[in-house]
Amino acid sequence: DTGVSQDPRHKITKRGQNVTFRCDPISEHNRLYWYRQTLGQGPEFLTYFQNEAQLEKSRLLSDRFSAERPKGSFSTLEIQRTEQGDSAMYLCASSHGRQNSYEQYFGPGTRLTVT
Amino acid sequence: AQSVTQLDSQVPVFEEAPVELRCNYSSSVSVYLFWYVQYPNQGLQLLLKYLSGSTLVESINGFEAEFNKSQTSFHLRKPSVHISDTAEYFCAVTRQGGSEKLVFGKGTKLTVNP
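Taken in order, these protein sequences are the chains called A and B.
Throughout the first sequence, residue numbering follows my numbering, covering 6 to 120 in sequence.
Throughout the second sequence, residue numbering follows my numbering, covering 76 to 189 in sequence.
These are calculated hints, taken from the structure and not from any lab test.
Quick caveat: nothing in here was measured; it's all calculated off a predicted structure.
A virtual CB, placed ideally from N, CA and C, is assigned to each residue, including glycine.
You may find that some hints are simply not true.
[Claimed, not checked] From the derived model, a few chain B residues whose C-beta atoms are all more than 12 angstroms from chain A:
| no. | residue |
| --- | --- |
| 1 | S84 |
| 2 | A92 |
| 3 | E95 |
| 4 | Q117 |
| 5 | G118 |
| 6 | L121 |
| 7 | E133 |
| 8 | K144 |
| 9 | Q146 |
| 10 | S174 |
| 11 | K184 |
| 12 | T186 |
| 13 | N188 |
[Unchecked claim] What follows is a set of in silico ranges between Cβ atoms, one per label pair, in the way DEER data are often shown:
| no. | chain 1 | residue 1 | chain 2 | residue 2 | range |
| --- | --- | --- | --- | --- | --- |
| 14 | B | T130 | A | L60 | 23 to 33 angstroms |
| 15 | A | L60 | B | S129 | 39 to 49 angstroms |
| 16 | B | E91 | A | T120 | 27 to 37 angstroms |
| 17 | B | K181 | A | R14 | 45 to 55 angstroms |
| 18 | B | H157 | A | T43 | 26 to 36 angstroms |
| 19 | B | S155 | A | S78 | 37 to 47 angstroms |
| 20 | B | S155 | A | N35 | 33 to 43 angstroms |
| 21 | B | E95 | A | G45 | 30 to 40 angstroms |
| 22 | A | K19 | B | T130 | 34 to 44 angstroms |
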């Protein structure tokens, strides 16, 4: 069990550029979540996958955000035409999805700074 | 929809003192409750969870939390803290029977001083 990994750990980009983040969940986990955390706040849910299907998206997720999980393995989160308000820590978490587990394992996060 | 309120943004205490971190939630449906901890420069880790059964749940490092349905609270306590408990603590809920997405509070930064 190598844990949830995220890449890159830090990203600095200029306003208007596109960025893509990657998350590799724990290998046997079929559920994958993306959250966003800004300074002084708790993580906020963005979207959720069960295997390759994206089953839920937050209203926080504007049209500039898109997420994929091809083949139910790793996931990518893309932000198009970044804005300064997108600056945040983007967290990925995975869970096994077994009944009565309800335990999410979080990655270290990708810190995005939009200048 | 669910919401979580952590009443204290910062809690400074001395080593070996007791501590209580408060968490209240609001939900129109039944929820499960969690405490996550984030040590400096590390990712979020599950500390403890309440799913069912005994309303008092314990972690392996001496923390405990009690689910109080009537007061919609899930306060976290430790009778004697260590320097190594310095971290940010997040209370979270998820709707029973849902996607398991977590709704977090804003967090409480616990600082344990010598």
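Hint by hint, here is what the structure shows:
1. S84: violated, 8 angstroms
2. A92: holds, 25 angstroms
3. E95: holds, 19 angstroms
4. Q117: Violated, because the least Cβ-Cβ distance between Q117(B) and chain A comes to about 7 angstroms, which does not exceed 12 angstroms.
5. G118: violated, 5 angstroms
6. L121: Given that some Cβ of chain A is not farther than 12 angstroms from that of L121(B), nearest at about 6 angstroms, it is violated.
7. E133: Nearest chain A Cβ is 16 angstroms from E133(B), so the label holds.
8. K144: holds, 18 angstroms
9. Q146: holds, 21 angstroms
10. S174: About 5 angstroms separates S174(B) from the closest Cβ of chain A, which leaves it inside 12 angstroms; violated.
11. K184: violated, 10 angstroms
12. T186: Non-interface label on T186(B) holds, nearest chain A Cβ at 16 angstroms vs cutoff 12 angstroms.
13. N188: holds, 22 angstroms
14. T130(B) - L60(A): 23 to 33 angstroms: holds, 31 angstroms
15. L60(A) - S129(B): 39 to 49 angstroms: Since L60(A) and S129(B) have Cβ atoms about 32 angstroms apart, the given range 39 to 49 angstroms is violated.
16. E91(B) - T120(A): 27 to 37 angstroms: Roughly 45 angstroms apart at Cβ, these two residues miss the hinted range, so it is violated.
17. K181(B) - R14(A): 45 to 55 angstroms: violated, 24 angstroms
18. H157(B) - T43(A): 26 to 36 angstroms: Holds, since H157(B) and T43(A) (Cβ atoms, about 30 angstroms apart) stay within the stated range.
19. S155(B) - S78(A): 37 to 47 angstroms: holds, 44 angstroms
20. S155(B) - N35(A): 33 to 43 angstroms: holds, 40 angstroms
21. E95(B) - G45(A): 30 to 40 angstroms: Since the Cβ atoms of E95(B) and G45(A) sit about 21 angstroms apart, the hinted range of 30 to 40 angstroms is violated.
22. K19(A) - T130(B): 34 to 44 angstroms: violated, 51 angstroms
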